[in-house]
Amino acid sequence: MSIKTYAQAIRDVLAQEMRKDPRVFVMGEDIAEQGGVFGCTKGLLAEFGPERVRNTPISENTFVGAGVGAACAGMRPVVELTYVDFAYLAMDQLLNQAAKIRYMFGGKAKVPLVVRTQEGIGRGNAGQHSQSLEAFFMHIPGLKVACPSSAADAAGLLRTAILDENPVVFVEHKALYASKCEVPDNEDFSVPFGRANVLRAGKDVTLVATQYCVPKAVEAAKLLESEEIDIELIDPRTLVPLDIDTIIRSVEKTGRAVIVHEAHKTGGIGAEIASQITEKAFAYLDAPPERVGAKQCTLPFNLGLENAVIPQVNDIVNAVRKALYL
Amino acid sequence: MPDRDRLLRIYETMRKIRSFEEAAVALFERNKLRGSVHLYIGEEAVAASVCSALTDKDYITSTHRGHGHAIAKGAELSKAMAELMGKAAGYCKGRGGSMHIADFEKGNLGANAIVGGGIPIAVGGGLAEKLKGTQNISVSFFGDGASNQGTFHESLNLASVWKLPVIFICENNGFAISVPVEQSTSVGDIAVRAGGYDMPGVTVDGNDVLAICDAVDAAAARARGGGGPTLIECRTYRWKGHWIGDPEVYRTKADIAAWMEKCPINRLREYLIEKKMSSAGELDAIEAGVQKAVDEAVRFAEDSPDPDPAFVMDDVYCEAGGSNR
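Top to bottom, those sequences are chains A and B.
Note that this note's numbering gives residue 193 to position 193 of the first sequence, counting from 1, and the numbers run on in steps of one.
Note that this note's numbering gives residue 102 to position 102 of the second sequence, counting from 1, and the numbers run on in steps of one.
The following block holds chain A by itself, in its conformation from the complex (with noise of 0.2 Å):
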């Protein structure tokens, strides 16, 4: 085990798969001297050469729809979108065209591309530069989508993503890059997609928290368990695929749920998370799922405004009392 960044995490399973697997190659805007926005392709330049470690135009689209193509063709491109917000821009590549091909061109196609993004609030760049925007991919079906919300998930995923043989989109989160914890030195260590983390069990009110929510939420549960509220803290890690199983065993034991996430409430995944559990659980729910998200608004850039727009920890802790009919 060794202490590392969110960001170090990430860069390591980059430059050993790189080394495993000469496929495997990076390209993106600033990813190459630069090392990446947010510095998460440091060093590779330096290793991999310029055939491997690219910087591109600022043409998302084409050079999203670049992976594409180099994945169909036998190649495993792990391409970054330094914001998520960019991702607008290369929407056809990824919705239409990454998302299809398999499906559409009869189950031959695989197309081994890994898209890895940011999101969210942290540096406070308003409302361009700070959405939370996982739900578009979670939609269309075809990709897989994984939000680590620490170094060692980012870690486990990322590598899980680049071995999938299908399009991965990697969405990190900002706000997260400097946050550390230790994370296994296995040059082979993954954590497997579609496997929910348990961060705490406990009996009262099952919370379910994704990426920079995670730490609020687990900051609420200690705030909750002063006031004798046992919560069982899960975070799905992916969101294609969702473990749904192990979110349903914990409502049919707490028999309340909070979903929390940055993104907007309003057609965020936490709608999703909470309509399959009044499918699946109903009978066992005392309570209305609640959702925790962004105001519908459009993120404002003063911090006072960004709070308020953002759930807090109070949030958290004020719809978990509303679960628990408090």
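By construction, these hints were calculated from the structure, which means they are not laboratory data.
Beta carbons: idealized from backbone N, C-alpha and C, even for Gly.
Please note: incorrect hints may appear among the correct ones.
A few chain A positions that, by computed beta-carbon distances, are all more than 10 Å from chain B [said to hold, decoys possible]:
hint, residue
1, D21
2, V37
3, G67
4, N125
5, G304
6, R321
With a straight-line cut-off of 25 Å between C-alpha atoms, the simulated PhoX-like cross-links for lysine-lysine are [claimed, not checked]:
hint, chain 1, residue 1, chain 2, residue 2
7, A, K110, B, K57
8, A, K110, B, K262
9, B, K57, A, K108
10, B, K57, B, K106
11, A, K108, B, K106
Given the structure of chain A, go ahead and fit chain B onto it with the hints provided.
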């Protein structure tokens, strides 16, 4: 200059495309085909000539008007016709239809119903071959309409900056659905746009097999030799509407008749006979062979079963490999 064997192959390919599509029209009129069917009739010289310069290891990306590209890249007529009819034996198991035929084994990375959608994918094919260190190349077919998409400009730039082995084939048939190219496009010759991306750009008569072969041979040699991409604009014309059922308000019957006089198949036929490279008898025999193959393909497709809805959820994801299983 293409030799006799290559010209005869091109002739056969053009005849295959023409007969295949005529059969598709007949099936459509009998309600045996549904959906959007975009016909390539009149433009056959482009696909047939370009693909005659390629091997199975070279890639193409195609368009909504993609039957010709698929056939020229080696598609089996029976599997292609079965796909047009949505049958289980089709290239895509009936999931793609006319606009989505792909055959990765032959290097066809797929037709595309998004205008300009295949251009970056072809760039990626070229990138892959460069990284692998092969001399294989990648060709993107697209229309005049796609030359106004961002992906066209972005892809030419990227392929040029990275010196990728890519040939961009713009099939300028004069119309983006109903909009004449003059109304939508800033330049008369789309090939001049290559200049903005520091690559050769040539405009050729897209109904002239010899001219296309010359241009594509030069571009392929340049690409295989590490010289980078080329843009070739092929001026041609579609005899049929944008799709079967197009009201065609944007042109007259006289316009169409004038272009039908310039039929690329007849033109090559006359050339081959005039230059004594072939005979009417030999060419008729090729046509008869093609017609028989198309008739068989139609019979195969009509006799094939529909896909079983029990398997409709297959292949959304690749289940093989990966560490998550």
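Against the structure, the hints:
Every C-beta of chain B lies more than 10 Å from that of D21/A, the closest at about 12 Å, which supports listing it as non-interface. Interface exclusion of V37/A from chain B stands, the closest Cβ pair being 20 Å apart, more than 10 Å. G67/A, annotated as away from the interface, has a beta carbon of chain B within 10 Å; the closest lies near 6 Å. Listed as outside the interface, N125/A is consistent with that label: its C-beta sits roughly 24 Å from the nearest C-beta of chain B, beyond the 10 Å cut-off.
With a least beta-carbon separation of about 38 Å from chain B, G304/A lies farther than 10 Å from that chain, consistent with its non-interface assignment. With a least CB separation of 37 Å from chain B, R321/A remains clear of the 10 Å interface cut-off, as annotated. For the suggested pair K110/A and K57/B, the alpha carbons sit about 17 Å apart, so the restraint of at most 25 Å is met. Under the criterion of a C-alpha separation no larger than 25 Å, the hint pairing K110/A with K262/B is inconsistent with the structure, at around 42 Å.
The hinted pair formed by K57/B and K108/A meets the criterion: a straight-line CA distance of about 17 Å does not exceed 25 Å. Between K57/B and K106/B the CA atoms are separated by roughly 7 Å; this keeps the pair inside 25 Å, and the hint holds. With a C-alpha separation of about 12 Å, the suggested pairing of K108/A with K106/B holds against the 25 Å cut-off.
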